[in-house]
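Protein chains in written order, with this note's numbering: chain A, 4 to 181; chain B, 339 to 540.
Note that these hints are calculated values from the structure, not bench results. Note that the Cβ used here is the ideal one computed from N, Cα and C, for glycine as well. Any given hint could turn out to be false.
As the list claims (entries may be wrong) - Computed footprint of chain A on chain B, listed as stretches where at least three residues anywhere in the stretch have a Cβ under 8 Å from a Cβ of chain A: (1) 362 to 376; (2) 399 to 411; (3) 476 to 483.
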Amino acid sequence: MFVKFMEVISIYAIPLIILFIPLYGFFKKVKVYEAFTDGAKEGFKTAVTIIPYLVAMLVAIGIFRKSGAMDVLVTIVSPITNAIGMPAEVLPMALMRPLSGGGASGIMNDLFTTYGADSLIGRMASIMNGSTETTFYVLAVYFGAVGVKKTRHAVPAGLIADAVGLLTAVFVTNLMFK
Amino acid sequence: MINLIWLGFIVIGIVVALVTGNIQAVTDAAFEYADVAVELSIGLVGVMALWLGLMKIAEESGMVKALGNALRPVMKYLFPEVPQDHPAMGAMVMNIAANIFGLGNAATPLGIKAMKELQELNDEKDTATNSMCTFLAINTSSVTLIASSVVAYRAAAGSANPAEIIGPTIIATVASTIAAIVAVKLLQKLPAFNKNKEKSTL
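In isolation and in its complexed conformation, chain B is listed as follows:
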């Protein structure tokens, strides 16, 4: 699936650019975005080190395990393959909490940390596990209580009530998170997405 989507972006992009005579923009975009990708990755080094350091302390003190246990019923339903005492549970709880409270700088490093823990449980290192897909789907559906950047943009644009969108945004984001969980739980049963059968061409 990811292979087709990736190829699709490039093929459709270049074909459209050829038709519309926009081809120079494609060249510029390719080089520009390659640079942006490296900047974004390298930009993560500092916060990544900070959160991995804090998480190591939290792990050794037993705090991560305690957090995982605190939400045991929910986490057990969402991630049945992950052992209850595994540090992945605590890391995922912290990532989701950081997302809910809009702590963007913490959420991404904590999410990566959770992914690393989930990878420990993976016996096929290049293939996503069910738990990884569930965790990723929850993250892509954005579980946030306050879309603080949107509120800031609205204020800057002179809105009379920049915060009025918070309530409806919560409704939409809850709907999308529920959809993410339902979708991931249904799709993982389909033969096309079976862990052992996914063809490399898909």
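Next comes chain A alone, as it looks inside the complex:
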């Protein structure tokens, strides 16, 4: 029921928004075409502004990922995560999640293939993946678009949120499916 409702929303939301915003503007006497093009002309500049920030972030993360440093990190962190009920198999995905959305989904799919999507490991990976975001990508894109370099407490707050999301995922999965 809930899933059906959400499916309907995701199909109709965008067309309805694209219809409603100009229509509402028209009734409010906005010159809709002129206003649209006026706003849209910023699109290119905004996207290009992000490039240096995203290059910096993705190159650093890429080097880290492909070097094998992830395996070292897994070895260091696994005693702690084992103790709280996170299977060692899921840990690489948990650590990958804030760094790379594609990387995390890749690991998740490997876990599905090896252990099955309906195994405890598969379910935990699913819940972890769905409940957190690619923190460093969001950071580079959002701050990059406006040229903010000094990010203050945004990174620690984002990482704390990721950690809480991952731990909750472990706890909830073990509670519901074990």
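With chain A's structure known, arrange chain B on it following the hints.
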């Protein structure tokens, strides 16, 4: 902080690669990811233009302001530095709504638009404001009701019930969003993250 983390990725990556004899992978990764970054950025041009255009209409018609007002109490608590009538409020409401309903293609451009509005209120253009950090933390904690891509991956992997993870995922994502808000509100009080005192080396 960001400087240390960034340097950490590179230094740890290259040291580990040297030890394990994996150094060619580092070279490949550096060039590959530089390309990916440009592709991702340029790939945003179209959707960015679309949403910035729509947002301009929504702004001129007064819709953005009305949206900001609709959630006044919550928004005022989260972003006390932003004036109630400022277009940043409406843009942030739209971004969070797009995230909740899983409209990924809309969420990022709307979030960037909100950031641009918040930057208007910033008197130190290279430094994040409290509101920017709060907004970013909410976004990185992923406020989504249906993790549609995960459900799709599960279905493709032959799960008997791909959607069974939706309930627990909502619990985890709500917990992480609450943690994000609490963390950001506590951390912004720490002297180390003070807007005027952050050292350039951190």
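* Are there three or more residues in the segment 476 to 483 of chain B whose C-beta lies closer than 8 Å to some C-beta of chain A? -> That given contact holds, which follows from 6 residues of the segment 476 to 483 of chain B lying within Cβ reach (below 8 Å) of chain A.
* Asked: If you look at each residue in the segment 362 to 376 of chain B, do at least three have a Cβ nearer than 8 Å to any Cβ of chain A?
  -> Coverage by chain A holds for the segment 362 to 376 of chain B (11 residues, Cβ < 8 Å).
* **Verdict on chain A covering the segment 399 to 411 of chain B, criterion of 3 CB contacts below 8 Å** => Since three or more residues must qualify, the claim that chain A covers the segment 399 to 411 of chain B holds, with 3 doing so at under 8 Å.
Of the hints listed earlier, there is not a single one the structure fails to meet.
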